[in-house]
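*Asks:* Here are the chains, one letter per residue:
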Amino acid sequence: MLSRLRIKRDIKYFVRCLSDKPPSDHDGKISEIKTKDSKEQNKSTESSTEKIQALLKLMMSEPKISESEYREKFATAPERQKKHKPDVLEVKMEKIEESITKAASDVAQAIGGDVKQTEAELLSKVLGKINQTSTSLSDLIVGMKVDRSKDSDETVTKETRGQQVKRLMKPREGTEDTRYSQRKEKTTFEKKRSMPQPISMDIFSGEPLGIFKTKQENYGTKLEVWDHLSQRELLLATSQPPANYFQKMIQWTEQGKVWKFPIDNEQGIEEEQNVHFSEHIFLDAHLEGWCPTKGPIRHFMELVCVGLSKNAFYTVKEKQDHIMWYKEYFESKQDILKDIGVWETQPTSEAST
Amino acid sequence: MNLNISSLSKFIFKSQSVPGFGFQQVRNKWANSLMIRDVKRRRMSAENFLERSRINALRKNDVLPIEIRELADKEINKFEMNAIPLRINNRCVITSRPRGIVKEWRMSRIVWRHLADYNKLSGVQRAMWG
Numbered sequence: 001m002l003s004r005l006r007i008k009r010d011i012k013y014f015v016r017c018l019s020d021k022p023p024s025d026h027d028g029k030i031s032e033i034k035t036k037d038s039k040e041q042n043k044s045t046e047s048s049t050e051k052i053q054a055l056l057k058l059m060m061s062e063p064k065i066s067e068s069e070y071r072e073k074f075a076t077a078p079e080r081q082k083k084h085k086p087d088v089l090e091v092k093m094e095k096i097e098e099s100i101t102k103a104a105s106d107v108a109q110a111i112g113g114d115v116k117q118t119e120a121e122l123l124s125k126v127l128g129k130i131n132q133t134s135t136s137l138s139d140l141i142v143g144m145k146v147d148r149s150k151d152s153d154e155t156v157t158k159e160t161r162g163q164q165v166k167r168l169m170k171p172r173e174g175t176e177d178t179r180y181s182q183r184k185e186k187t188t189f190e191k192k193r194s195m196p197q198p199i200s201m202d203i204f205s206g207e208p209l210g211i212f213k214t215k216q217e218n219y220g221t222k223l224e225v226w227d228h229l230s231q232r233e234l235l236l237a238t239s240q241p242p243a244n245y246f247q248k249m250i251q252w253t254e255q256g257k258v259w260k261f262p263i264d265n266e267q268g269i270e271e272e273q274n275v276h277f278s279e280h281i282f283l284d285a286h287l288e289g290w291c292p293t294k295g296p297i298r299h300f301m302e303l304v305c306v307g308l309s310k311n312a313f314y315t316v317k318e319k320q321d322h323i324m325w326y327k328e329y330f331e332s333k334q335d336i337l338k339d340i341g342v343w344e345t346q347p348t349s350e351a352s353t
Numbered sequence: 001m002n003l004n005i006s007s008l009s010k011f012i013f014k015s016q017s018v019p020g021f022g023f024q025q026v027r028n029k030w031a032n033s034l035m036i037r038d039v040k041r042r043r044m045s046a047e048n049f050l051e052r053s054r055i056n057a058l059r060k061n062d063v064l065p066i067e068i069r070e071l072a073d074k075e076i077n078k079f080e081m082n083a084i085p086l087r088i089n090n091r092c093v094i095t096s097r098p099r100g101i102v103k104e105w106r107m108s109r110i111v112w113r114h115l116a117d118y119n120k121l122s123g124v125q126r127a128m129w130g
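Chain order of the listed sequences is A and B.
In this text, residue positions in the first sequence follow this note's numbering: the first is 1, and each later residue adds one.
In this text, residue positions in the second sequence follow this note's numbering: the first is 1, and each later residue adds one.
Hints were generated in silico from the structure; no laboratory data involved.
Possibly wrong hints are sitting among the right ones.
As the list claims (entries may be wrong) - Computed footprint of chain A on chain B, listed as stretches where at least three residues anywhere in the stretch have a Cβ under 8 Å from a Cβ of chain A:
no.: 1; stretch: 57 to 63
no.: 2; stretch: 112 to 122
Stated by the list, open to error - Simulated pairs of lysine-lysine, DSS-like, Cα-Cα distance not exceeding 27 Å:
no.: 3; chain 1: A; residue 1: K260; chain 2: B; residue 2: K120
no.: 4; chain 1: A; residue 1: K184; chain 2: A; residue 2: K158
no.: 5; chain 1: A; residue 1: K333; chain 2: B; residue 2: K74
no.: 6; chain 1: A; residue 1: K327; chain 2: B; residue 2: K74
no.: 7; chain 1: A; residue 1: K338; chain 2: B; residue 2: K120
no.: 8; chain 1: A; residue 1: K338; chain 2: B; residue 2: K78
no.: 9; chain 1: B; residue 1: K78; chain 2: A; residue 2: K248
no.: 10; chain 1: B; residue 1: K78; chain 2: A; residue 2: K333
no.: 11; chain 1: A; residue 1: K333; chain 2: B; residue 2: K103
no.: 12; chain 1: A; residue 1: K257; chain 2: B; residue 2: K60
no.: 13; chain 1: A; residue 1: K310; chain 2: B; residue 2: K60
no.: 14; chain 1: B; residue 1: K78; chain 2: A; residue 2: K327
no.: 15; chain 1: B; residue 1: K60; chain 2: A; residue 2: K294
no.: 16; chain 1: A; residue 1: K248; chain 2: B; residue 2: K29
no.: 17; chain 1: B; residue 1: K103; chain 2: A; residue 2: K257
no.: 18; chain 1: B; residue 1: K120; chain 2: A; residue 2: K327
no.: 19; chain 1: B; residue 1: K103; chain 2: A; residue 2: K260
no.: 20; chain 1: A; residue 1: K257; chain 2: B; residue 2: K120
no.: 21; chain 1: A; residue 1: K317; chain 2: B; residue 2: K103
no.: 22; chain 1: A; residue 1: K95; chain 2: A; residue 2: K82
no.: 23; chain 1: B; residue 1: K60; chain 2: A; residue 2: K338
no.: 24; chain 1: A; residue 1: K257; chain 2: B; residue 2: K29
Values in this document were obtained by computation on a predicted structure and should not be read as measured data.
Think of the CB as a built atom: it goes at the ideal place given N, C-alpha and C, for glycine as much as any other residue.
Looking at chain A on its own, in the form it has when it is part of the complex (with noise of 0.2 Å):
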């Protein structure tokens, strides 16, 4: 079944890329699928074996439109005309001019005799004023006319695109039933006549362009927090507290408040059986290369090292550790030792007595 579902898709994809012709000659495409869809339902399997291996030497052959066609068709996405924006003083040049045109000749025909002279005269007047070097905005604002529409169409068309989508979420039928939230509809809907109605469109139909691959590496974001809480709300809402004391003893046991049966002293220091003790006792080796062979220190710290070694407790890093630390406070206090005459740096200079 899924064989052909998938060969349906295919032939549709593969038609639509391939074909020469534009997208408006739909009726004969529909033609086209509804018979080959036909000739597979009578036939057996076999006939869709068939299909596949067509489609597969399809996919090998040289396709229709070359790589960079297809590309640049749909790929990217198609170019848009910008829209001009004109700069703003242009804009308001253009309608001082306009108006200031349209009122003096009507001022003129309103007057009344020598039609002509009077708009020249007054054009001259204005027009003189507004090519002087003062250009504040009170004098480009005498020109223009004054807008006195009511504000009817700010109230309406206001609406975003968040709360457009909001508007056509909302499930409208029968989930309003007190008289409240009745009038509240029937408010909301007087205010939605006036509006333009918004085309419907279902973002989920439609072939992908296949730009993006999940396969790929940098597929889609990780948002890790969101993740981390979503699997604890998962967690919070499938559990549920313990009914009895021995529930409440099992999510004990499971945290490590309370010992597994059977008791195992090392219960939680599994790793240490991993070590072999000869790690824990010859420690001497963490000697070499620094403390000198002779003298108060060296017997210092083979005390130390003949005290770890009897350490049940420590980890084999927690001991060499110690012993590392104790290197470090040395040799942060070499001059002091040196002047005592108990620290030798020259490791060849053994034998010197």
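Starting from the structure of chain A, add chain B where the hints point.
*Replies:* Chain B alone, transformed into the frame defined by chain A:
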């Protein structure tokens, strides 16, 4: 204004340290300030335990030359007083009683007896022989 007075009164009601106005009971994890001090000392000594014990080892031996031991003496005084483990006091965990502690249960004898009578301590039974 009226608003100021009412907002002030809200603040007074909520604060716990003002006498006569606090209705909220002060509830912390620890029984009293002595217990809090003990907790602080335990934490500090746990933090500084390693370093301090190593320097102490330099002091408490007759093998090393005297100069090093004197140096170690000076160094150990640089730690805070609360880092000294001898300052830890084994108080009762529930009542913070400093004396009469049953060590294994970390409780004062009174609390211990109370719980034992109510059968909350495992393996503890009234003594009887003869």
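*Asks:* Work down the list of hints and note, for each, if the structure agrees.
*Replies:* Outcome of the hint check:
Note: the stretch 57 to 63 of chain B has 4 residues with beta-carbon separation from chain A under 8 Å; the three-residue rule is met and the coverage holds. Taking a C-beta to C-beta cut-off of 8 Å, the stretch 112 to 122 of chain B contributes 0 residues in contact with chain A, too few for the three needed, and the coverage statement is violated. For the hint linking K260/A to K120/B, the alpha-carbon distance of about 21 Å falls within 27 Å, and the restraint holds. With a C-alpha separation of about 20 Å, the suggested pair K184/A and K158/A falls inside the 27 Å cut-off, and the hint holds.
Restraint check: the Cα-Cα separation between K333/A and K74/B comes to about 14 Å, which is no more than 27 Å; the hinted pair holds. Of the supplied pair hints, the one linking K327/A and K74/B holds, its CA atoms being roughly 19 Å apart against a limit of 27 Å. Pair hint K338/A plus K120/B does not hold up; C-alpha atoms about 64 Å apart against a cutoff of 27 Å. Using a Cα cut-off of 27 Å, the hinted pair K338/A and K78/B holds, with the two alpha carbons roughly 25 Å apart.
Using a Cα cut-off of 27 Å, the hinted pair K78/B and K248/A is violated, with the two alpha carbons roughly 47 Å apart. Of the pairs offered as hints, the one joining K78/B and K333/A holds, with about 17 Å between alpha carbons and a cut-off of 27 Å not exceeded. Between the alpha carbons of K333/A and K103/B the distance comes to roughly 43 Å, so the proposed pair goes past 27 Å and is violated. Only pairs whose Cα atoms come within 27 Å are accepted, and K257/A paired with K60/B is rejected, the gap being roughly 38 Å.
Pair hint K310/A plus K60/B holds up; C-alpha atoms about 19 Å apart against a cutoff of 27 Å. For the hint pairing K78/B with K327/A, the CA-to-CA distance comes to about 21 Å; that is within 27 Å, so the pair holds. With a CA separation close to 21 Å, the supplied pair K60/B and K294/A stays within the 27 Å bound. Taking the CA atoms of K248/A and K29/B, the gap is about 23 Å. The hint holds against a cut of 27 Å.
For the proposed pair K103/B and K257/A, the alpha carbon gap of about 20 Å is at most 27 Å, so the pair holds. This hinted pair does not check out: K120/B and K327/A have alpha carbons roughly 52 Å apart, beyond 27 Å. Distance restraint check for K103/B and K260/A: the Cα-Cα separation of roughly 24 Å lies within the 27 Å cut-off, and the hinted pair is therefore satisfied. Restraint check for K257/A and K120/B: satisfied, since their Cα atoms lie roughly 18 Å apart, inside the 27 Å limit.
Restraint check for K317/A and K103/B: not satisfied, since their Cα atoms lie roughly 33 Å apart, outside the 27 Å limit. Between K95/A and K82/A the alpha-carbon distance is near 23 Å, which keeps this suggested pair within the 27 Å criterion. Simply put, K60/B and K338/A have alpha-carbon atoms about 22 Å apart, close enough for the 27 Å limit, and the pair holds. For the given pair, K257/A sits about 20 Å from K29/B by alpha-carbon distance, which is consistent with the 27 Å threshold.
In this structure, the earlier hints numbered 2, 7, 9, 11, 12, 18 and 21 are contradicted, and the remaining ones agree with it.
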